[in-house]
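Chains as they are written, first to last, in the UniProt record's numbering: chain A, 1 to 120; chain B, 1 to 522.
The set of hints was computed from the structure by calculation and includes no laboratory data. For clarity, every value in this text was computed on a predicted model and none was experimentally measured. Yeah, the Cβ is synthetic: ideal placement off N, Cα and C, and Gly gets one too. Some hints here could point you the wrong way.
[Said to hold, decoys possible] The following label-pair restraints were derived from C-beta to C-beta distances:
id, chain 1, residue 1, chain 2, residue 2, range
1, A, H64, B, D149, 58 to 66 Å
2, A, Y54, B, T2, 33 to 41 Å
3, A, I36, B, A10, 53 to 61 Å
4, A, V13, B, L193, 25 to 33 Å
5, A, Y102, B, T99, 48 to 56 Å
[Stated by the list, open to error] Computed footprint of chain B on chain A; a stretch qualifies when at least three of its residues, placed anywhere within it, have a C-beta under 8 Å from a C-beta of chain B:
id, stretch
6, 10-17
7, 22-32
8, 36-46
9, 56-64
10, 100-112
[Unchecked claim] So these bits of chain A aren't anywhere near chain B, every CB distance computed over 12 Å:
id, residue
11, D3
12, L4
13, T7
14, E69
15, L75
16, P76
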Amino acid sequence: MIDLLATHYNYLVYVALVGIGLYGVTASSNLVTKIIGLNVFQVGIFLFFVTSGYIQGGSPPVVHGHGAETFVSPLPHVLILTAIVVGVSLTAVALALVVRIYNAYGTLDEEAIREVQLND
Amino acid sequence: MTDAVALLVAVPILFALLPVTVGGVWDRAGWATAAVAALVHLGLSLSVAAKVFSSGSFTYAVGNYTPPFGIELVADGVSATLVVLTSVVTVAVVAYARTAGPHSNSFYSELLLLTAGISGVFVTGDVFNLYVFIEITGLATYALVATGDDPAAALASLKYLLVGTIGASLYLLGVGYLYIATGTLNMADLSTLLPEVGYGSPLVLTGFALLVVGLAVKAALFPLHTWQPGAYAESPDSVTAYISALVSTAAAYALFRIVYAVFTPAFDAAVPFALDALVVLASVSVVVGSVLAVLQSDLKRMLAYSSVAQFGLVIAGFAIANSTAVTGGLVHLVGHAVMKAGLFVGVGALASVAGGRTVDDLAGVADRAPLTSAAFAVLAFALVGVPPAIGFAGKWHIVLGAVEGGRWGVALVAVVSTLLTLAYFARVVERMYFRDAPAPAEEVAGDAASPDGGDDTLAADGGETSESAADETVDAEAEAAAGSVSPAARAIVVGAAVAAVVLGLFAVELIDVFEPVLEVYF
């Protein structure tokens with residue numbers, strides 16, 4: 001167990017982040033908390049990609065490198081840069097929707113919104 | 001000429017910038033740009049299709065980086081057909097939105113972004129690139145759903161965003177597992193490298209599960225469908241027509257590519273459990289979707305649940321994994337897009353005449369909008385699967401494939417779902433044709449002289465029980481809503497009905513187009 005913690009802590013953190021994020025999305029009734037949960041969930045996945053592309057002592061594959069023996073593929077990191085951009089855009093859209101929902105209902109609590117809708 | 005494949009994605013994105021930049025100066029810039037972009041897109045997709053049909057499928061290396069390292073775009077019979085479908089639906093929806101739709105410039109920007117995203121999903125040959133296009137599609141869809149005036153639209157959109165993003169993220173995670181297992185993202189490359197890793201390897205299996213679950217969320221399979229009814233019901237009619245025709249179709253197509261281009265039938269042979277599970281999920285989806293559709297009174301919700309069922313059927317076809325069933329799935333995918341888009345435009349058009357969009361509101365609407373009602377009825381029966389129409393061709397092949405593969409359960413589910421589809425559409429058509437409109441009293445007397453004398457009692461019953469509540473509002477709106485169906489909407493519904501029948505008559509040709517693609521896999 002200790003061994004696992006010492007060597008694979010990054011994978012454990014990935015699992016923890018994905019779990020916490022999903023919990024945040026499903027368990028909370030506050031819409032902003034849900035969005036934060038979504039972000040945590042995505043960060044967990046980003047961490048998974050980044051950690052999979054990391055090699056201890058590896059160096060970037062540039063032509064005039066440092067004469068290192070092990071090289072690291074930059075592809076996972078580049079992919080995650082794209083995914084981070086997508087994540088930021090999603091958060092922006094989600095927050096814009098939250099602003100509109102708040103203006104219309106005066107609350108961000110899902111249960112309260114449902115009550116408002118039923119009263120209409 | 002082959003550049004047309006890349007331009008299919010690039011042109012709508014570039015045009016999408018125009019409405020927001022010029023919009024401040026010229027009010028109608030949005031519609032004009034979207035119309036031009038849609039026509040250019042149609043030209044490009046037809047040129048891609050012409051090349052595929054004349055000289056077979058081809059690939060395109062984006063930026064001249066050779067495929068395993070660069071991004072590859074693939075045009076074959078299936079993607080060319082779906083890209084042409086995208087263009088035709090875009091042209092139709094832009095024409096419809098001119099009178100019906102949201103008129104803001106940003107709406108047209110979002111519509112064009114969605115066109116770009118969906119075209120990208122159809123032509124890409126790279127799993128990560130597919131993720132990016134799925135997210136472009138998703139972002140544009142969330143924004144489009146929220147264009148409705150009602151704040152409920154924003155809430156439905158946010159719900160869709162939360163569920164859709166988790167789906168797409170699971171897909172991304174699956175891509176990660178496959179990349180760790182093989183070190184490549186190219187679909188063709190993955191299909192050769194995966195057997196070397198071993199189909200039984202936990203990495204590959206986890207990757208498969210994550211990819212399938214992620215795409216199942218996007219395609220709205222039960223129990224991951226919860227976002228769909230809200231998103232379809234709350235968004236404006238033109239948006240519903242567009243996303244119902246293409247967004248889930250794109251996800252189902254992506255699933256088809258993942259299962260056959262990446263994992264290939266050899267995976268099914270090695271790990272039969274994986275696709276068996278998908279068959280079960282899809283079958284449950286068919287039954288639950290149909291039953292929920294029968295229970296709905298709001299027409300748009302009913303059609304949304306009907307989509308859950310139809311996509312279940314399509315994915316069941318894909319998961320049966322023999323050539324006949326997969327062909328059936330693809331035919332039904334194309335047919336469903338045409339029929340659902342027509343049906344949603346039809347609901348919008350008929351609602352403008354009837355003054356409401358519940359099943360009971362449509363009572364007697366056939367007298368006031370005969371052509372649109374007839375086309376709507378044709379589309380409804382086409383989706384049920386009445387023979388000459390495309391709905392029959394798709395379902396027939398799925399059932400045939402199920403029997404061939406010895407999966408009697410799926411064949412049974414398909415038949416049951418057909419009956420349930422008939423149940424919820426018959427209800428609507430009965431109201432449209434055999435009930436009198438809840439109009440002022442003197443008109444009822446005149447209408448009652450219609451040939452079907454036996455329906456008088458039925459109409460009277462309905463008028464007293466279920467329609468009594470609706471009467472007050474409908475009476476008030478009867479004058480205002482007496483406005484006719486807009487010519488564009490009528491043309492689209494009739495066009496969709498004709499297309500559904502014509503496609504059905506030429507289903508054999510459509511299957512011939514898909515055949516070379518499937519031959520590679522089977």
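Self-check item: Numbers of unmet hints, in rising order
Solution: 3, 5, 6, 9, 15, 16
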